[in-house]
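Enquirer: For reference, the chains in residue letters:
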Amino acid sequence: MRRHLFLTVLAIFLLFLGACSSGSDKETAGKKESTGDWKPEGPIEIVAPAGAGGGWDTTARMTAQVLNEEGMIKENIGVVNKSGGGGAVGWAYVAGFEGNPHKLFVSSPPIVLIPLNGQSEYGHEDFTPLSNLIADYAAFAVREDAKWDNLNELFEDMKKDPESITVVGASAPGSMDHIQFVQIAKAAGVDIKKIKYVSDQEGGALTQLLNGSVDVYSTGVAETVEQVKAGKIKVLGVTSEERLEGEVLEDFPTAIEQGIDETFINWRGFFGPADMDPAAVDFYEKKFKELSDSDAFAEIRDQFGWDEMYLNNEEYKQFLNEQKKDIKSLLDELGISAN
Amino acid sequence: MGSIDGIVTGFQTAFSMEGILFVMIGVLVGTFIGMLPGLGPISAIAVMIPVTFGMDPTSALIMMAGVYYGAVFGGSTSSILLNAPGISGTVATAFDGYPMAQQGKAGKALAIAAIASFTGGTVSVIMLMLLAPALSSIAVSFGPPAYFALMVLGLTAISSLSEGSTIKALISAVVGFMVVTIGIDAQTGTQRFTFGNPNLLEGLDFLVIALGLFALAEVCTLVLNRKDTSVKNAHKIGSIKLSKKDLHEMKGPITRQSLLGFILGVLPGAGATIASFIAYISEKRLSKNPEEFGKGSIKGLAAPETANNAATSGAFVPLLSLGIPGSGTTAVLLGAFLVLGVQPGPLLMTDRPEIFWGIIASMYIGNIFLLILNLPLIPYIAKILKIPRPLLISLVIMFSMIGVYAISFNTFDLYMLLLFGVIGFLMRLFSFPAPPFILAFILGGMLEQSFRQSLTISNGSLSIFITNPISLMLLLLALLSFIIPLLRQLWLRKARKTN
Chain A
7 MRRHLFLTVL
17 AIFLLFLGAC
27 SSGSDKETAG
37 KKESTGDWKP
47 EGPIEIVAPA
57 GAGGGWDTTA
67 RMTAQVLNEE
77 GMIKENIGVV
87 NKSGGGGAVG
97 WAYVAGFEGN
107 PHKLFVSSPP
117 IVLIPLNGQS
127 EYGHEDFTPL
137 SNLIADYAAF
147 AVREDAKWDN
157 LNELFEDMKK
167 DPESITVVGA
177 SAPGSMDHIQ
187 FVQIAKAAGV
197 DIKKIKYVSD
207 QEGGALTQLL
217 NGSVDVYSTG
227 VAETVEQVKA
237 GKIKVLGVTS
247 EERLEGEVLE
257 DFPTAIEQGI
267 DETFINWRGF
277 FGPADMDPAA
287 VDFYEKKFKE
297 LSDSDAFAEI
307 RDQFGWDEMY
317 LNNEEYKQFL
327 NEQKKDIKSL
337 LDELGISAN
Chain B
10 MGSIDGIVTG
20 FQTAFSMEGI
30 LFVMIGVLVG
40 TFIGMLPGLG
50 PISAIAVMIP
60 VTFGMDPTSA
70 LIMMAGVYYG
80 AVFGGSTSSI
90 LLNAPGISGT
100 VATAFDGYPM
110 AQQGKAGKAL
120 AIAAIASFTG
130 GTVSVIMLML
140 LAPALSSIAV
150 SFGPPAYFAL
160 MVLGLTAISS
170 LSEGSTIKAL
180 ISAVVGFMVV
190 TIGIDAQTGT
200 QRFTFGNPNL
210 LEGLDFLVIA
220 LGLFALAEVC
230 TLVLNRKDTS
240 VKNAHKIGSI
250 KLSKKDLHEM
260 KGPITRQSLL
270 GFILGVLPGA
280 GATIASFIAY
290 ISEKRLSKNP
300 EEFGKGSIKG
310 LAAPETANNA
320 ATSGAFVPLL
330 SLGIPGSGTT
340 AVLLGAFLVL
350 GVQPGPLLMT
360 DRPEIFWGII
370 ASMYIGNIFL
380 LILNLPLIPY
390 IAKILKIPRP
400 LLISLVIMFS
410 MIGVYAISFN
420 TFDLYMLLLF
430 GVIGFLMRLF
440 SFPAPPFILA
450 FILGGMLEQS
460 FRQSLTISNG
470 SLSIFITNPI
480 SLMLLLLALL
490 SFIIPLLRQL
500 WLRKARKTN
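Those protein sequence lines, which keep their order, are chains A and B. Heads up, the first sequence stops at 345 in the numbering used here, and the numbers go up one at a time, no gaps. Heads up, the second sequence stops at 508 in the numbering used here, and the numbers go up one at a time, no gaps.
So here's chain B without its partners, still in its complex pose:
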């Protein structure tokens, strides 16, 4: 294989003084911007693009890649401490991370996230290095029917995310589906539910919904319960030390989700978000104590955190070897490549091996930096929670608004943020769970588009979902993941009766 020479060149590039320096700068900037609520990898990359003007392309791209995975690494912080996910990939992190922080175990939660992120990131870089050339064919193997099936599989998570009433969870998901249809429909060009308002033509941004339903709704609840003594624990940070038992509990999810996350990350469009959700539900299904999930389960935190970082490295496969950006973030990253005169694509590996392999090799260093950067800082970062409650609440509101305003410098988005804050608060009052809403919002757009693309291609015949082998397999998996819990319940009931 000629790529051995390339890999050697890559390591030489990455381990040069310059390489190490720029990886360090990249992950440092990325992780800090990622930690701020409302700001994620897209903002981090965008802020850094002008810095790269005039730089040597290899160093610049090593740095930009570092900014990207650094921001994903840091992104878990605001999810865990403040319930304010900055990117869709860390929504699932908040499910168990935030409850853990509220129980006074913020330090531990951050440590778990850091270790899970590190492992997920490193395992997937190894796979990226070994398999990148071969994987590019998998990345394009998913056609519209397969994407549809993948989204259906992702949606089965709704049943896992519903605490209490299943009906309420379903209602919440349906509303999420409805909200995502706002805007211009891609398949017909028709406006849907825009009420003639040009601000709605592009639909609502993920951040508006996520920060509204999670961060602002949380703030409202905190204000309402300010005299409640049960939240006293939330000021505690706790030890960051993990016991042997904790590590043992993390081992399973981290190993499995590193692999699964990477594979899903390779698929353009699926990426970190769906990887983190599927990681979460699959661990819940596999767990002996699924009832712990959503209440601060170690597995429930480790699984999505591993998966979203593994998926981030996976996303480099289609980007570098095909020139296809799999997500909004990698699209910006692609822009950064083009600005520097580097065209990612099938020829990058042979034409510019120092860039292709240099970026991949630099990710090893980057992940190690991230770990040694993040672990010692945890006690300081977690001190955020020691900020007096009124001040902290104001800061969360302020950062949420900055994050949303930065989407398009449009005050309309701020009103929408407030609206969804109120909706999120009402949903809590009447105990409608928010996660199914956000899940439907994230997956719904692609679900609908890929369904309709498939039907156009097949001239309206539904058989396309069964004749396509990938789609058939995923649909069967979805069916299984739907049926197994039902069967398990029946079986348990029966077992109880016979006792």
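Next up, chain A with everything else stripped away, as it sits in the complex:
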């Protein structure tokens, strides 16, 4: 699986170099307009700690593209895939560049979850959170002919007979697909220790739902759309605060409107290595804000069905610490916390 990513990256990177080399003489002229004390002194590398085509990779590529195309950052931004360990390999790589303001990476809830599971020695505290950009949400789907029509009916059955219902996700217990379901189920009063969860990392989770091996599929909102359109599955609930916009998406009820007062945000933002120059943090914060407010990025958010969720360095840090506390208590209750 991993092999193609790097060839793709290599190929894209070569095309990129070719496309950008002609613009290099403009760079020096443009530097004056920046107000901060710090400016990039060379190409910037954004690490996507996963394979090509996934959420991290897409976010990194789209961000790099808009930053460069709109001229917000003149230096070339290259995206590098470092997959492995659900992100741990990429984080270990960036952690080795302490203080280097030219190495960024994109991240999301796993950087909180995976260290708590004991699978990464690096967590969000070991990096400099720069800005959060977008929010995505989870969806819980069942077969079209399933007996449940909303989350409450499902959770009622889970309370009565937890052994009869199996939940499937694409990642291991304690990681995102599991925790997003557990978090909502807990708010609905389900005994989360009794939830039966299986993980299928070979891309078979949807197959298992369709053939009736399992009952509930915990996944991202975008993954459900095509099957809902085809009338094969129905979405019982999504984890956003308000209903999502867009064809099909707007029909998905939120957990909140079903009386379950809980949300789960699959946030995505950018981090740098530890001990980054405050002036560099300032620089990136401004650039990401500019990006988040731009029409070009709004278009990309629409295209991928993401919500806007900008947080600056300070807000981001606070948000992450709260996330960690919440998730740690969930993992403790499940008995899978590493500490």
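Note that these hints are calculated values from the structure, not bench results. Backbone N, C-alpha and C fix where the C-beta goes; we use that ideal spot for every residue, glycine too. Check before you lean on any hint, since a few could be wrong.
Unchecked claim - Heads up, simulated DMTMM-like pairs for lysine to aspartate or glutamate below, C-alpha to C-alpha not over 20 Å straight-line:
#1 A/K165 to A/D155
#2 A/K202 to B/D194
#3 A/K202 to B/E457
#4 A/K238 to B/D360
Claimed, not checked - Here's a subset of chain A near chain B, in silico, CB distances under 7 Å, partners left out:
#5 V95
#6 E169
#7 I171
#8 K202
#9 N217
Given the structure of chain A, go ahead and fit chain B onto it with the hints provided.
Expert: Only chain B this time, still in chain A's reference frame:
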């Protein structure tokens, strides 16, 4: 059936000038990249994705599909000539292909592989066209218990792959099982045997093991036996002409394995690898001379080569009609679809018939191209063996390293490659067969995961494997394929005694 219109549209798309041109480019690139040791369809597709940016989606996807099956087609070359399988689907090809090449029949081996690949590919495209809509329901019918049973059936091949000592074959397989547990366990999230090393979190890649145990171990043996005159034949290419007898011998395996390979290819996750192994063992079981297998048997080469190409077309069923990628390679291909704004799934056939049927129709042309591209080239490709031994050995080492390094640009993988090269060499010295090791490594991960998924679903009851009809059937087949050779041996012994 409304799909008749769709099929007509598909043929129009595929047989347009553009369609033909892009199929040609696709299979050309695919087959050449596939021929290089250590590089397979995943690399070929990945290299071509950036080329498709801005192209018309239909042409682009016809090309990408061509790259995929072209690379599977070409992949047999490095297995046969150098014992360096680039993808798991061609491991079984090396079992008889490489011995054949060493006997000075490289040309013939490549010709058999090309014809088997062509037939497997074409037969399965016909079935794909006739059955794609209906087959999508079969593709999702396999739940975890059925997968477990299928893996067990695949594992019965161990007994067929053991030359000599059965105990040594079993030890080799057990070590393979142990190695595949390295990494984060999917069902609990616990690290196993990683020793805190983040490079091991994802486990070891198939290529590291395959190129280590096969290619590097072979290189070591060649260096050790450099004065041995018996390998002189290996420089000979021989005629590529197949006699009537050869063709007759190929007929059976090719017909059977085209069908079987296609069906197994339809199952997500099973795909070309298990198809090629099951093809190999089933032909060995059916053969009147099973002792020829592993020593350059025509049937032993034709069977897996037919099956892996047939399975490749089969893999398009879940990909196109469900949007479910059945393997790492089709996952990348799915990525290529998404980049072009095409969402494969249940609606593709009705929403974008020109893409759905265009790809399928283009595979007919693609397979014909592959055959006329490959057959005349065989004498030239086989000249690889004429390269002076020291140079050839260095090239194999170099390509193996490039292939492994390209997995993740991580030098750690190179050390692992060397380690498995040494392990493979030692295994040869002490005559532990490598095929059971690689088979256990390939099947072990899915075997374990599907077993544990099943038990979670059934709340720990083993009866789930018997109450599920598909799983029960496959387990019985596995039992039969285990017992029949034993009975046959007993029967032979008895027959000899009474004589």
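Enquirer: State for each hint whether it applies.
Expert: Now the hints, each set against the structure:
Taken as a hint, the A/K165 and A/D155 pair is honoured in the structure, with Cα atoms around 16 Å apart against an allowance of 20 Å. As the CA atoms of A/K202 and B/D194 are separated by approximately 17 Å, the hinted pair is consistent with the 20 Å bound. Proposed proximity of A/K202 and B/E457 is supported: the alpha carbons are some 18 Å apart, at most 20 Å. As the CA atoms of A/K238 and B/D360 are separated by approximately 16 Å, the hinted pair is consistent with the 20 Å bound.
The closest approach between the C-beta of A/V95 and any C-beta of chain B is roughly 5 Å, which is under the 7 Å cut-off, so the hint is satisfied. Interface hint status for A/E169: upheld, as the beta-carbon distance to the closest one in chain B is roughly 5 Å, under 7 Å. The beta carbon of A/I171 comes no nearer than 10 Å to any beta carbon in chain B, farther than 7 Å, and the hint placing it at the interface is violated. The interface hint given for A/K202 holds, since its Cβ lies 6 Å from the closest Cβ of chain B, which is under the 7 Å cut-off.
Hint on A/N217 holds. Least Cβ distance to chain B is approximately 5 Å, under the 7 Å limit.
Checked against the numbered hints given earlier, the structure breaks only hint 7 and satisfies all the rest.
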